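S.K.: Take a look at the letters that make up each chain.
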Amino acid sequence: KAGVTQTPRYLIKTRGQQVTLSCSPISGHRSVSWYQQTPGQGLQFLFEYFSETQRNKGNFPGRFSGRQFSNSRSEMNVSTLELGDSALYLCASSLAVGVAYEQYFGPGTRLTVT
Amino acid sequence: SQQGEEDPQALSIQEGENATMNCSYKTSINNLQWYRQNSGRGLVHLILIRSNEREKHSGRLRVTLDTSKKSSSLLITASRAADTASYFCATVGDYGGSQGNLIFGKGTKLSVKP
Chain A
74 KAGVTQTPRY LIKTRGQQVT LSCSPISGHR SVSWYQQTPG QGLQFLFEYF SETQRNKGNF
134 PGRFSGRQFS NSRSEMNVST LELGDSALYL CASSLAVGVA YEQYFGPGTR LTVT
Chain B
4 SQQGEEDPQA LSIQEGENAT MNCSYKTSIN NLQWYRQNSG RGLVHLILIR SNEREKHSGR
64 LRVTLDTSKK SSSLLITASR AADTASYFCA TVGDYGGSQG NLIFGKGTKL SVKP
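Heads up: the protein sequence lines correspond to chains A and B, in order. Residue numbers for the first sequence follow the numbering used here, so the first one is 74 and each next one is one higher. Residue numbers for the second sequence follow the numbering used here, so the first one is 4 and each next one is one higher.
In case anyone wonders, no lab produced these hints; they're calculated from the structure. One or more hints might be untrue.
[As the list claims (entries may be wrong)] From chain A, some residues computed to sit far from chain B (all C-beta separations above 12 Å):
hint, residue
1, Gln-91
2, Ser-106
3, Pro-112
4, Glu-125
5, Leu-161
[Stated by the list, open to error] Here are the computed lysine-lysine pairs in the DSS-like style, where the Cα-Cα straight-line distance is at most 27 Å:
hint, chain 1, residue 1, chain 2, residue 2
6, A, Lys-130, B, Lys-59
7, B, Lys-29, B, Lys-116
8, A, Lys-130, B, Lys-29
9, B, Lys-112, B, Lys-59
10, B, Lys-73, A, Lys-130
11, B, Lys-116, B, Lys-73
12, B, Lys-73, B, Lys-29
For clarity, every value in this text was computed on a predicted model and none was experimentally measured. Beta carbons: idealized from backbone N, C-alpha and C, even for Gly.
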């Protein structure tokens, strides 16, 4: 089975622009989560989606949004980019929601905001 | 918010030696997991230990959990250069009931010299 794929892998944007990142989960997985990783704050939870519904959202401003499609693919959008949004954005998928379901992570999208 | 805090932040050892990393967390947990990350790439799930377990083994990995002290340790025996990576502990976040919103510690950066 193919793993979690994220596109693009690298991205350079300018302050004030917006960006959309994509995540394709493992086939059959219906839950997708997003995380932001920075040197200063470490790994932080952004959102969790299951069956096209956002289940949970982390403590991030409204500039960060996401969605999940009927094929379980997910996108996250960051509007009005700030320098501090430079980070590695990781997507993870699992079969379903629940403490028993292991998360499988993608390779990440490295976003640089200049 | 950081739930797990790893110690030490960095560890440098020779091939063949054992590496021990510790993690402390703040709230009660259902389970605790350890992940590995190679040089800013995706996370790889290593092992999960449930709150009613005290010790778990997987290959060269040994994890212990002390819920009374809210701490866990990861031991890698007979380390290899390929074990060079950052190691994170993670617990289920405040939203509960799902692995999809993990709270990660800041990680231990392990360097294994050949």
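S.K.: Does each hint fit the structure? Answer for all of them.
M.R.: Going through the hints against the structure:
1. Even its closest Cβ contact with chain B, about 24 Å, leaves A:Gln-91 beyond 12 Å, as expected for a residue assigned away from the interface.
2. Consistency note on A:Ser-106: stated as away from chain B, yet its beta-carbon is not over 12 Å from all of that chain's, at 4 Å minimum.
3. Distance to chain B contradicts A:Pro-112 as a non-interface residue, since its nearest Cβ pair spans about 10 Å, not more than 12 Å.
4. The Cβ of A:Glu-125 sits about 14 Å from the closest Cβ of chain B, beyond the 12 Å cut-off, so the non-interface label holds.
5. Not every C-beta of chain B lies more than 12 Å from that of A:Leu-161, the closest at about 6 Å, which undercuts listing it as non-interface.
6. As the CA atoms of A:Lys-130 and B:Lys-59 are separated by approximately 32 Å, the hinted pair breaks the 27 Å bound.
7. For the hint linking B:Lys-29 to B:Lys-116, the alpha-carbon distance of about 33 Å lies beyond 27 Å, and the restraint is violated.
8. A hinted pair counts as satisfied when its Cα atoms are at most 27 Å apart, and A:Lys-130 with B:Lys-29 qualifies at roughly 21 Å.
9. Pair hint B:Lys-112 plus B:Lys-59 holds up; C-alpha atoms about 22 Å apart against a cutoff of 27 Å.
10. The suggested pairing of B:Lys-73 with A:Lys-130 holds, with an alpha-carbon distance near 26 Å, which does not exceed 27 Å.
11. Among the hinted pairs, B:Lys-116 with B:Lys-73 is inconsistent with the structure: their alpha-carbon atoms are about 31 Å apart, more than 27 Å.
12. Taking the CA atoms of B:Lys-73 and B:Lys-29, the gap is near 7 Å; set against the 27 Å cutoff, the hint holds.
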